[in-house]
Amino acid sequence: MIERRVLDVSGLPEIAFGHRDPLWWGCAGLIAIESTMLVLLLATYFYLRGNFTAWPPTGVGGRVQAYAGAEAAVLALSALPTHLSNRAALRGDVRGIQRWIGLLTVMGAVFLLLRWRVLAIIPFRWDLHAYGSVFWGFLFLNTLHALSGVLENATILLLALRGPIEKKHLVDVHTGGFLWYFVVASWLPCWFVLYIVPGLLRSQWP
Amino acid sequence: VTARLAPTPSVELEDLDQLRRTWSGHRGLWGTLTSVDHKVIGRRFVVTALVFFVAGGVLALLMRLQLARPEGTVLGPDLYDEVFTVHGSTMMFLFGVPVMEGLGLYLVPLMIGTRNMAFPRLSAFAYWTYLIGGLLLWIGLLLDVGPDRGWFAYVPLSGPQFSPGKRVDIWAQVVTFTELAALAGAVNQIATIFKHRAPGMSLDRMPLFVWSTLVTSFMVVFAMPAVMLASSQLAADRLVGTHFFNPAEGGDALLYQHLFWFFGHPEVYIMFLPGMGIVSSVVAPFARRQVFGYLALVLSLVATGFIGFGLWVHHMFATGLPQIGHSFFTAASIMIAVPSGTQLFCWIATLASGRPRLTVPLLYVLGFVAIFVVGGVTGVMLAAVPIDLQVHDTFFVVAHFHYVLIGSVVFPLLAGVHFWFPKATGRMLSERLGRWEVALAFVGFNVAFFPQHALGLRGMPRRVYTYLPETGWGPLNLVSTIGAFVLGVAVLLLVVNVVRALRRGPLSGPDPWSADGLEWSTGSPPPPHGFDELPTVRGRHALWTRAPDQPVVVGLQVQHPEVLVTHLLDAEPDHRTHLPGPSLSPFALALATGVTFVGVIFTPWAIVGGGVLTFAALVAWFWPRPPHKTLHWEQP
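Listed in order, the protein sequences are those of chains A and B.
Number 181 in the numbering used here belongs to position 181 of the first sequence; there are no gaps in the numbering.
Number 716 in the numbering used here belongs to position 510 of the second sequence; there are no gaps in the numbering.
Just chain B, with the same shape it has in the complex:
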């Protein structure tokens, strides 16, 4: 097909009503359980992940209170173990990955100009699975069966011999749940980004956030199976007496570390790359110019995706590996600084050559740059084996990864929240409160974590519930605790800002920032069908480069949820396809898998019982229901 002149100024009004009806979900509780709209599910993902972020943050504050002075008495040793494990597991599995997954679910279809994800029900399934996993972890903590072996649950400590009870089993199943959700989300994103981009949005015109989501999704596909395997083997060792990690019968404890970190290191980039995508999205509109070095930025994302898989052994330098391995993984770890540095220079160039507007999203980005550089530098330090061996398992490492993760995940995320909040809600956040947030978060963060470098160098180990006064670690720990509370106040301010804006924030209109992405061309919040008119694209920064008479897509059915499928490379129109509407199946399937995974904590027969339930739910999912789509000409 080619664009042709036609006397249709815009979609007719009655068609718009029909479009809205076609793409709207049900109302009430039924609507909640059956919604497959990417905007609804993406929003749920982000809100749920932020709730877990606050909950994990409260655990962090409890730990800081305990460590604020020597021989603290806030938490006992056993509870402290549970608290740091649940804090780490929450931040990694229930906040870092899902919040970016949710942001991607919300934004990607809007950014590429389509009406929903390629597999709408899979998005819903991912959310329910994630929610069940998150509840399992926290209900466990409240019932005093919270996992207590660290967020990576190393064997042999987490094996059947040294960890009787169900705490580790709960951890293993939480991992399975959340990884399943992440995998479902990743496959969905790959298919959506490859096949549903607006006509004209060839790969080299794709927004950088979409690129970052694409690379992240591929990383999820190849990294998450490793941790699912490791946690399943651990669960099997504990439940049915296998010996994967039991040295007495030929198993191997180090194997667990290899499998875990083959996932665990890419995991860092799985959280970090969407952050880079957010930064690129924010920098351009606020520098008021196209982003500098688009190609370099894309290649850096892709390079990080590849190199990220070659670093895992640097988490294991202290385990006595061959020298040649040390050299290789040191080199690879230092190499990752190249794409990261390239991106940083591109953003600096964009800002330096633009006319920056110092609004809250950009301030968060500037905070990110400062913090991330420190985290990157300590990362290069830790890549050197002699330094790593010296500070292994000390607070230096804690400081390092909080600089990297809070710097490159939380700060960009908050930039993104301020940037896209008007799009999702139709209202503006307060700029004045926002500036207080940034200032407090930046100061609080540095006061909390910078002293931990020094504590680590002075020998304070990680994961100790207290220390003696003679160590001299007290004053710096007190400073760190004060900083943590300041950071907590910043998060509280964000909550206040959001609640105020939802009630009486000024209306934003479709494009309050004069930004470049397609998402800004539709209403705020977007209608259920995403766009009144499906757009076409003729350049990067779609809105800035569109022609005055840029064609729109017409000819899709409005009675059914029909979307356009385009070619992978050049996004030429290929065919039309129907998407499924609201359905209870995702919820039912998530419940069935939930019964299976939770049952497996207690008996292996849950696999059989749960398997039958899961199969039944799957048949219900796939079995065609009237009204039937276009029938084939030959019937049995």
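Just chain A, same shape as in the assembly:
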């Protein structure tokens, strides 16, 4: 046999977390795509605003404001179990994953229930005017994000409760957390623009 230089990689680990993992880049790509969508929807919102003398042309009303505020609060708080389930995944702590993903799924479900109420009591429809269209556009896109996030978390929870848990599932939990962070971080600025900014600027806008 001839002696030959080789690069032996058999000692390398089988999983890695964060940006070392290809799946993380897949999720980052997905987040970039959806963020671009939301930024363009925000651009649409402000572009259409130039066509109105009063903005918003129809107020959403106090009840919707209250529900939307509760939604945003639940969503913001859900970052905590996300963080804790990520840490549990890094430790390989299956009980911790069950506990925190469980809480995260419940909080996501509460968010969706509140969203259901908001959709039911908004005082205008998407076909009333362009403001209605873009407002419902935001709600549609975000509800889709949140719904897929909750379904994903529920699926991970089911797996964590039933097993068998493969090593790479720990990475999946971590990456799922990354996606839920996106749901949280992408909705809060939209909520601010849709519900808070009009109140702040009402007096200055002609």
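Please note: incorrect hints may appear among the correct ones.
[Unchecked claim] Computed, partial: chain A to chain B, Cβ under 10 angstroms: (1) 5; (2) 6; (3) 7; (4) 8; (5) 19; (6) 24; (7) 36; (8) 95; (9) 144.
Since the hints were made in silico from the structure, they are not lab data.
Cβ coordinates follow ideal geometry from the N, Cα and C atoms, glycine included.
Given chain A, work out where chain B should sit, using these hints.
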């Protein structure tokens, strides 16, 4: 890990058999539906896109026949509208983007020295989605519900008021399908290029085609959402009565143009940059020297990627925008000539200082250079607002973008087809037929499109199904039609060349061109596992710079499809990972999304029904199946 001396001359023979078994797909129809091999899917993408290219070309010839003389009677006005819309949509959405996506899928893993894409099932999903979208467009045309509002479907013409029926809805869904496929492909490429390069292939040693694919993928990620949003809003306006583009209720027709061109202009570069990558790949081996100005070429690709997002308003100069916008977008449009020119000079320098072999791929590249310069010059002309306003919506614009797109997409692509055909099939194309192809394509193209500049300057508008004899446009139109048919003959010759070569072309061996990329170090066609021995790299032009005792990667499992993951910047080995094997899930998911998107043409409730199907398909996709990969030490 570091390289170490070990008494293993090469992968043992029984291991090679095992490797082949591990990475092979199933046979027969089941194998077709479940394959996740990047080579199989890349090949499918390219072949399907070329079929759409020929089909779109037939529509072009029909239009040229209709316009060959005044008051032609080949196509009526309604059919003509469908034909030019489907021609444009096919060439942009079903040919230009997917063919480059397919080429990237086939080549990138081979060029960076890995065995498959980072997300093999996502590649398969992208293909099925693209195929369903393409079939939707063409079945629509055959059933006389082909879209007929131009490939950009401007509102208000395409809105509910002026376009009743389902033609525009079909267009909107075709866009959604093909953009979804492109996005899936782009994310897959980014992860693959960042994380699966062979040890030693740091970013500054990456082949230029891989660089072009990377930049293109980033452009796709940030450009395609705009058109998905625009087409979804258009569909919503038509289906559920939203008012995004309805001025009567505060909507805005120009908003549609902004969103569309925020995608539409980068789209040009999304098709063009892979072409530049092909040119760089072809120039070096045929000039027999390393490419001149590697850094300048990479920076030009990246610069084009950024500047490409700042030009979209030059498509809208005629819409009455503020003066300051005109100035900015004129400047930006002229600026894009800088990176394009830089690349051109680098290739000229490479050829001038090398010892060029004038084979067919290089001849296509030379044709590209000539045509692209003309297209670039008319581009700079059109960037000037006064000229743009004069020739807006005339045949001058048609001539310009065909020079740019055929010049920088089709010619480089054909160069690439001739260059990599031996790699993909193991056989050589005929050099003699190839030279006829290049000659006919070059002459035919110029005869077809150069006169259209003059027609545009003489006032002939785009998208008219006929014209009167008194306009005097007849003779030049006839010349243009003759040229189009000559170009058609060139494409026919290519088909003949390919069929002949597949049957009895001479065998090529692994590296018929003495080229530089890693793809030439494996068999032609490559085995299912890509490489018998996974390579390492110590310089640009991997094969030309490798050491006599260049180490190979060992220690990956051969019983499972396992690959190496490396660090993003310097490609140092990081960890090992399993890739999924053959699976029906991508096909099932594509069908589920297909049902959703096609259903939405008729009822908004399809989102609910299709959503349930899609979720079910996704769970089936992700749910772990035995045999299980390495289990975690703690179980519930």
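Hint validity - residue 19(A) Cβ closer than 10 angstroms to any chain B Cβ: Given a least distance of 7 angstroms, the restraint on residue 19(A) holds.
Agreement of hint residue 7(A) with chain B interface, Cβ distance less than 10 angstroms: 5 angstroms, holds
Hinted contact residue 144(A) with chain B - closest CB pair below 10 angstroms: With a closest approach of 9 angstroms, the residue 144(A) hint holds.
Agreement of hint residue 24(A) with chain B interface, Cβ distance less than 10 angstroms: 8 angstroms, holds
Interface hint compliance - residue 8(A) to chain B, C-beta minimum distance less than 10 angstroms: 4 angstroms, holds
Agreement of hint residue 36(A) with chain B interface, Cβ distance less than 10 angstroms: Constraint on residue 36(A) satisfied, holds at 4 angstroms.
Per-residue hint verdict: residue 6(A), partner chain B, C-beta under 10 angstroms: Check passed: Cβ of residue 6(A) comes within 5 angstroms of chain B, closer than 10 angstroms.
Hint check, residue 95(A) versus chain B [nearest Cβ-Cβ separation less than 10 angstroms]: Hint holds; residue 95(A) Cβ to chain B Cβ min 8 angstroms, cut 10 angstroms.
Chain B contact restraint on residue 5(A) - CB to CB distance below 10 angstroms: Cβ of residue 5(A) sits 4 angstroms from chain B, so the hint holds.
Of the numbered hints stated above, none is contradicted by the structure.
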